[in-house]
Amino acid sequence: MSETVTKLWTGYDLGNTYSQISCYNERKNDVDSICLPGKKNAYEIPTRLCFNKKDGTWVFGEDAVPDKGREWIFVKDFLVDYEAVPQIMAGDQVFEKKELLYEFIRLSLELIRRYYPHGQVQWLTFTSRSFSKTLIDDLMEFGTRLGVSPGCLKIQTHVASYENYALCQPKELWSHDVGLFEYDENGLIYCHLSISRKHSPVVVVPSLLDLSAYLGGSDYKTLAPPELDRRFLDVIKEVLGKRNVSTIYLVGEGFDGDWLNLSIKTMCSNRKGFIGQNLFSKGACYTSMLEATQKKNQQFIALCDEMIPVSIYISVNRGRERFTVDLVKAGSDWYNLQENVEFIMDGTDTVPLHVRDFVSNKEKVIPLKLENMPDRPNRTTRIRMHLEFEDANICQVIMEDQGFGALYPATDKTWKMRLNVTEYQASNDFIPEGRLILNREVAEAVPFYFHISGMKVYSVEELCYYIYENIYAVTLDIFGEDFFYWLEKKMNEPVLAKSLKNLIKAGASLKEVVRYLMNFTDYYSQEECKKLLGIIDDLSRQNPTEAKKLMADNYIRYCRYVEAIACYCDVIYEMEHVSGDDVTRDFKGNTWHNLGVAYTRLMNFQNARDCFIKAWHLNQNEESLKCLLWTAKLLGDETTFFDAVENSSMEQDEVEAIVNEFDQVEADSKSDKNEKMKAVHDIFEDKTGEGYRERRDAYLSGLKQWYRG
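Residue numbers (UniProt numbering): 1 to 709.
The hints are simulated quantities; they were obtained by calculation from the structure and are not laboratory data. Please note that the accuracy of each hint is not assured.
Restraint-style ranges between C-beta atoms, simulated for each label pair [to be verified]:
#1 Ile-504 / Phe-662: 48 to 58 Å
#2 Leu-635 / Asn-660: 50 to 60 Å
#3 Lys-68 / Gly-147: 25 to 35 Å
Beta carbons are placed, not taken as given, at the ideal position from N, Cα and C, and that holds for glycine.
Given only the sequences and the hints, what does the whole structure look like? Please build it.
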């Protein structure tokens, strides 16, 4: 076989009584309908199975008959009530309808090999009169089990298959509107395709008309041919009388036989007319061809029940650029659509969802308000928005709090909204506030580590937030090769990385580097950036002793107490031997106070007490005095306690308040109500129980975070 037809584009018309298969023949540029073995033009495959109880084998179609033998179980009607009743009883066994359907589809697709011995189904489109959600999900799963690649399987109703069939015919057959009559056991229906050439590409809108009042499901079996012809003639006059229709198609077993006479002459007056039984499988096959060759929507857009009739997007910012992110494109299959986007909320608790109707081109905004958002600073809540559809009109919007990296961990907060995007009545009163900052997509979440604080940032936005909130701890040393590698390779920001690297090579100051970073990302407002740069200016004017104390303060802030103590000792040495005249008395006192805090955090209360004595002597600060009294109480040092009280100007009630507060804290730490002590008791009571290590490690991790503030 020619290599050009190895990959097969297939349509499968799935029916409860009969099914049909068609394949697109590239060589002939036409569709082949698969016939039953040994029968020409017999396209209808009976939708039934037989199961052999002895060897577990299956047969299908015409080989599956009720009287096949005692060892065989005959099964049919496994598409009836498919969603409501998932099982069926046959013989003495219960079968899952899902597995019966899979076996039938798998076996029937083998018929293709008679036409294409080396063929492989590349694209597969299932069509039927209607589909339940369960049936759609199962057919999508069957595609994977049958070896059809993800994204190469479509599911559509007969209406969509009819549209693609009609519009893949020569253009003269759809120069005006197109009609289809379908007549079977369900009665007569008419499907009209309105073709609007005002749009580019052409828009095709279907409409259905139930005509079972004229011709019911059993009439073609009971009425005389002249009566059938007369009734159908009345239908032709009623339905087509005022319509400009180029072509009419007749499908369904109701049109079998020779009863069409006057009706068909009237129908074909100035119109083309065609009768056939494999139109839907061929239409599904054309769909596969259009998808496989990427020709879909180049000439027309055929709206139908599976296709979403609106486009949906959100407006976002990235850097200084504002643009839209398309979430849904009109004409997309609702069952295949699952879209995700992540963004950061800036100055708003509402996500404006923009919806544009494809046919009318009218747009509306649906405001999605996130009630009770986590209590965090502005721009530190990242939201993941997920869209999926129940049908072509009903959209499920799910938004989840993703936190802000390690700075603000994610919560389990979720907002769910169910929207009818076509019928929603938008209010003219809504005025959008703030903006949505689009999350920069990266291949994997690799953090950049700040050694002084032990913090990790996972995005450029988190980097900006960290620098803004910790500018006192930021130096040019941060912007080294590790930083630039992370920014370029892991954050996918080569332009920003190269620009910052060039600034560093040119000897730029910290202020210039930070200004460029903030302007590039546009994470903060101009006023906020101006304030930040002002702080950097103040820091640059500090003398060396003040700068070293700031470094020690940062060590304390990030719980690096040993480094803080060493740094404070250097500052004190410089104050006493080098730069004593360059700093104020308060500065000296505050340095001793902070050194005392570092010693306290390490439980070295004696050194802490001595530091607080010197701090209070220099700065006369009430906080230093309070810390001195508390360390004296911790040491049981009554002499120091009463000396401090006597040398201060504190009133008796003030001293009592400090003592009472200390006693209360001490009592709470020993109380059974102390949550941390209770947690320790609960965890370590049973060291051999299941999950002990996980509970222990989780508790210690949380305790460390609490201790570090």
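Structure-based check of each hint:
1. Ile-504 / Phe-662: 48 to 58 Å: holds (50 Å)
2. Leu-635 / Asn-660: 50 to 60 Å: violated (19 Å)
3. Lys-68 / Gly-147: 25 to 35 Å: holds (30 Å)
Hint compliance for this structure: hint 2 is the single one not met.
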